[in-house]
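S.K.: Residues per chain are reported as follows:
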Amino acid sequence: MTPHMSSYLPVAVRVWTVDPNRPRKKKRHLLSPEIRHVLVFDTETTVDPTQRLLFGAFRYCRVDQDRDPNGFTVTTVAEGLIYADDLPDRDPARYRLLVDYAASHKAHVDLLYEDVEPSWQLHLVSRTEFARGWLFHVGYPHNQRRDPATVVAFNMPFDLSRISVGVSDARDDMYGGFSLTVFGDPDGTRDAWKPRIAIKNLDSKRALKKFRRLERPKERKELPPWKSHAGHLLDLRTLVFALTGKSHSLDTACNAYDVPGKSAPPAFGEVTEDAIDYCRQDVAATTGLYEVAMRDFYRHPIRLQPTIAYSPASVGKAYLRAMGVAPRLDLDTVDPKLLGYVMAAFYGGRAEVHIRKTPLPVQQLDFTSMYPTVDVLMGAWDIVTAAKVDIVEATGDVQEFLDSVTVDALYCRSTWRRMLGFGAIIPDGDVVPIRAAYRENDWSIGVNHLHSDRPSWYTIPDLVASKILTGKTPTATQAYRLTPSDDPQPTLRTVRLRGQVEVDPAREDFFAVVVQQRQAAKREAEQATDGDAAPHFELAATLKVLVNSTGYGIFAEMIRHEQAETSRVAVHGPGPDPYEKPVGAPETPGECSYPPLAACITGAARLMLAMLEVAVTSQGGSWVMCDTDSMAIIATQTGGLHPCRGGDHVTSTGEAAVLALSLAQVSDIQTRFNLLNPYDPDLIPSVLHNEAEGLIQAISAKRYAIYRPDDDGTVQVVKPSAHGLGHLLDPITHNRPRRKADGRLIWVDDVWEWVIRAHENPETPLPGWAGLPAMARVTITSTTTAKPFTRWNQGKRWADQVKPFNFLITPTIDPAGYPEGVDPGRFRLVAPFSNDPSQWLARDWYNLYDPAGPTYRITTDSHAPQACGLVTVKTYGDVLRQYQNHPEHKFADAAGTPCGYHTAGVLRRRRVDVRRIHHIGKEANRIDDVAAGLVAEPGDVLITYHQTDDAYLRRVILPALNHLGGRELAKHCGVDRRTIDRVRAGGSPSDRLLKALERIVQSATTLKPRPDPPPPAATEP
Amino acid sequence: MTCGRRAEIELHHPAGRSNHPEIVVPVCIRPCHDTLTRWQYAAGIELRADVDVTRGDKDRALLVGTMHLLLLISLRQPETALVPGWLIRLITRAMSLLIDEQLPPGRPGRWFPDATVPPLAVAEARFDVETQAERFREFALFAAQVIPVMAPQRTTWAPILHALADEPVWVIEAVNRIAATEGRTRDGSLDWLRVFGTAMHRIVVVVLGTGAGEERDQRALDDAWQLIDSVDYVLSAHVGRIRLDRLHEVAARSKAALDGEAR
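Chains A and B are the protein sequences, given in the same order.
For the first sequence, this note's numbering assigns the number 1 to the initial residue and increments by one for each residue that follows.
For the second sequence, this note's numbering assigns the number 10001 to the initial residue and increments by one for each residue that follows.
Do not rely on the hints blindly, as some may be mistaken.
Said to hold, decoys possible - Cβ pair distances, simulated, as ranges:
#1 B:10121 <-> A:112: 19 to 29 Å
#2 B:10121 <-> A:387: 40 to 50 Å
#3 B:10108 <-> A:743: 52 to 62 Å
As the list claims (entries may be wrong) - Here are some chain A residues pointing at chain B (derived, C-beta under 7 Å):
#4 60
#5 77
#6 78
#7 111
#8 112
#9 114
#10 115
#11 116
#12 117
#13 118
#14 119
#15 121
#16 138
As the list claims (entries may be wrong) - Here are the simulated lysine to any residue pairs, SDA-like style, with alpha carbons at most 20 Å apart:
#17 A:106 <-> B:10097
#18 A:106 <-> B:10114
#19 A:787 <-> A:799
#20 A:922 <-> A:20
#21 A:106 <-> B:10102
#22 A:106 <-> B:10105
#23 A:106 <-> B:10099
#24 A:922 <-> A:593
#25 A:922 <-> A:444
#26 A:467 <-> A:418
#27 A:106 <-> B:10106
#28 A:106 <-> B:10112
#29 A:194 <-> A:214
Hints listed in this document are in silico derivations from the structure and should not be mistaken for laboratory results.
Note that the structure is predicted; figures quoted are calculated from it, not measured.
C-beta: ideal position from N, C-alpha, C; glycine also.
Let the sequences and hints guide you as you build the complete structure.
M.R.: Set out below in structure tokens:
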């Protein structure tokens, strides 16, 4: 069958790159000497766009610790307030209030502490005095003080930016971040012999922070560089994330650790006694949280500096080191060509919606610890701990395995031991994961039918999944297996996880032990009395974080290095020949990175889902959605048909329908999967457990909700997804509860309740807050996102500038709502951050690109008369209406048309023909910036190395243009004749030219593909 | 005076040169003078000459500096210390805080402790008898300088202290004999120090332990001052009249006995 033009899609595969300037080095994990003192601080700011410093508070504490983690104590020995340098002149009344407050209050210090002399005075210092007399004096080594303190704040980048007096772009290893002048005069003059502080944001929870190397004075350039000291800058938000695996605010973190938290918030942006009390309490809460978080941290017997514990993966990697496990890439010499192949086979989890916009009864099943479970099944721990792992060519062996493997065999655990490997196929309708632009500039991964005349690499589990989904055995043209040696690494040693759970890495499977011990701890917590349950819960939570972090992510870690100049890297892609490419952000593998294992783990998880899909469909049943480790199966107590557009069955009334399995059938499926249970059945009775039950409404991948209808016509949302809503601010008024008892956001439940009811009755009124303007939060986290503010800041004093890490809010402007005469491309409204929706409409708004221009008002009334400075913005209601129709682009409807806004019912897999293969690197973790519209250049988030494979051009586009002469074609495309001739002669066109050619073909009445060449005539032997 | 070293001695101003330039003690340059100076910084004593400091803060500096000497002696010889170092440290802090609160809050040159000064480890030191005697003499002379400033009404102290300074060896011998003949430890024999220690500990608890940052009630402060008066009474009564008499008596007998043995 000749493919339709719409099936030709750009496809992307990951590649392996080698940067000769960044050779892999063994990491040294040095620990600083014991740190005996801490400086904790917090700042309060104005609520205008500049968010300038008003005042702040700090505590200086002594740390005492012994071998017992509970012996880690933090004692406050000095406390003080900070005021903005310009406050006495700018606002003498507010300054006076601070002076009076400091004189009439005593510091909250422990006067009985013996090692140093606690100060009973509540200090009051200016920003400059704080920077020099406290932050530098205790936080940076100098002649009078050789042992620098740990500097602690919650969300430190924001606070450091408040107390700085200037900023420039950071260089070298912190390129892309900010270099803050903290030690300097209020006019921005930097102090000699004091360092800058560089901050590079990684994501909303993490940032690299360090003191920069001291610069030599210009007249002393002949001196060798000064010794640098990165400092001990600890963002408590990051440490808490590393320990709990969750993103916390100060308040929720205090709740999680049972520390007295914040006091009731006062009016922000004012200096009042209440505001000062509030700020001091914030610092007290931060200090208390630091103490308990560090106790928690020191329970782990690992060598890791708390200031560089950036994520649970940092803790996980430190445990591997503690067990004596050497990184795989340090032990083995792996041909980069093979790593290129396996990177091309690397895809993330599978997330799909199969039946859309059709409420159906489902039972959602969830695989217990999916990634660790497939790790245990495949023997991933042997790969991690073996003295040597060879990647050996095994094309025949793999093909034999693919030929022989059956669905039944997959329920045998020993089969999974043969899954560690990867192979190339010439895809001919095989159902495999495809990373494609299913819609313009919208890359996502869908498991679809792939057609290509070039080899495509997939892991063995993916090839097996394709076989059981299609019934067609893929033909491997080349394949490799991972073969671990029998002897383990000689350095392995036993470790006690969190000081409690002993693991012998040479004899036990780490993943199995952790998963089982977690269940054991959970069970003990449930059986314990109230007072005794907490330690078991804590252990269970820690083990969960640990197994999740070590089960997959650390093997897939790639580090993207932003840099000012390009590097020429060797790119190893799916083809056998590497090529060189200059890139601005080369990437290197993480410490424990081992792509062959990472690719197989996610492949095995997709195979599990494929097995579940086959188990359901083989009984005539169907499913609504799946997401990495779970699947919602249509099921009722007794089973039966349910009308559904595009379904494979027909009801007695002739309607298309899907078949619901009975709960007994679902239970049988679960029982069968239990054959794969690698754990102690007493602790983990099932690897496929019930997650939720009820009706489901699914829109697209990861956008679904399970609910139960009530008799009164309302619905009770059981499990909502917040995907696609995360960038929006909570529209519920800030003085009302925003979360339910189980922590779910109330407004997300409201969204789904409306989506579900509106499906039945389109007249269903929107939630009460739907008339509010849809608002997103913007944080200025990098030099790229700061660019739009350059004009704003021009010529202004530092205090009046929009500074790094400022929070702003931005509405979504209605396309028809721009004021007259403005360029929509350079019109983006921002206002100071406020989470109080009642204030949003009443605010003055500024155009980001025209800071000196007028202020604007916003309205949500699209019929409002045009007025000067009035901008119509979208409401939450508008966003909801779009949300409920968001298409599942990667699938098609029953007729084969790509899913659109109004497509409903069963979706089918699409045919994908490779239009072009893009070689890509790791996508930068800048989702927030992209959502907020602050990233204009795609290259800022995605490295595209090379584009190859022009089958689409040769087979579809050029044949359709045969009737046009080169000169005419060049004229239409806006290029010269020679370029067209070069492309026709086999040259590769630019993206722009390809699109131009495509447009010409589309404008033609018919598409005339070049006929396939006749088969060669049979010749007699 | 504090460690027994005889080389590299210099004079230390316990209250700071700008506060009470006339009061000095001989200590070794390193580490004792360094340590005492570091403690002065930690206590916050205003040491700059160009700052206008009130008389109250100057005397407060002298009190704190004196206590630092006692503290250093106590830490250098913990086995023979009559009052443990930690208690001296807390007493010093409590006295400094109490005096600070008695003085006007907005006065010039008011000083506070500096918590950022890192703590110093103090090593123990052994004294031979001769050095011990010299130390005793120096301390008696130092006390003779301090008392007219701190307690001008205690006129009886000066001759006693000078007498102690004249014949320190015999006083040490007397103390040792009292301990030996009465079969008790030195702490036990000098029970007034128990009273002193207990009372001071109560002061520390009242002044420092009543909740950091909270306003102490006037009654607790009055109690503290009363305790200080009690200690003062105990010191005056026991040391001034009874114990020193007894010391002199035993010292005289010891001297006579030793002279006889020598003959």
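S.K.: Decide, hint by hint, whether the structure agrees.
M.R.: Here is what the structure says about each hint:
1. B:10121 <-> A:112: 19 to 29 Å: holds, 20 Å
2. B:10121 <-> A:387: 40 to 50 Å: holds, 47 Å
3. B:10108 <-> A:743: 52 to 62 Å: Holds - the Cβ-Cβ distance for residue 10108 of chain B and residue 743 of chain A, about 56 Å, lies within 52 to 62 Å.
4. 60: holds, 6 Å
5. 77: holds, 4 Å
6. 78: Holds. Min distance 4 Å.
7. 111: Result: holds, 4 Å to nearest chain B Cβ.
8. 112: Since chain B brings a Cβ to about 5 Å from residue 112 of chain A, closer than 7 Å, the hint holds.
9. 114: Holds, about 5 Å.
10. 115: holds, 4 Å
11. 116: With a closest approach of 5 Å, the residue 116 of chain A hint holds.
12. 117: Holds, about 3 Å.
13. 118: holds, 6 Å
14. 119: holds, 5 Å
15. 121: It holds, given that the least Cβ distance between residue 121 of chain A and chain B is near 4 Å, below 7 Å.
16. 138: Holds, because the Cβ-Cβ distance from residue 138 of chain A to chain B comes to roughly 5 Å (cut-off 7 Å).
17. A:106 <-> B:10097: holds, 12 Å
18. A:106 <-> B:10114: Holds, at about 15 Å.
19. A:787 <-> A:799: It holds: about 18 Å lies between the C-alpha atoms, which stays within 20 Å.
20. A:922 <-> A:20: holds, 18 Å
21. A:106 <-> B:10102: Holds, at roughly 15 Å.
22. A:106 <-> B:10105: holds, 12 Å
23. A:106 <-> B:10099: holds, 16 Å
24. A:922 <-> A:593: holds, 13 Å
25. A:922 <-> A:444: holds, 14 Å
26. A:467 <-> A:418: Cα-Cα ~16 Å, so holds.
27. A:106 <-> B:10106: holds, 15 Å
28. A:106 <-> B:10112: holds, 12 Å
29. A:194 <-> A:214: holds, 6 Å
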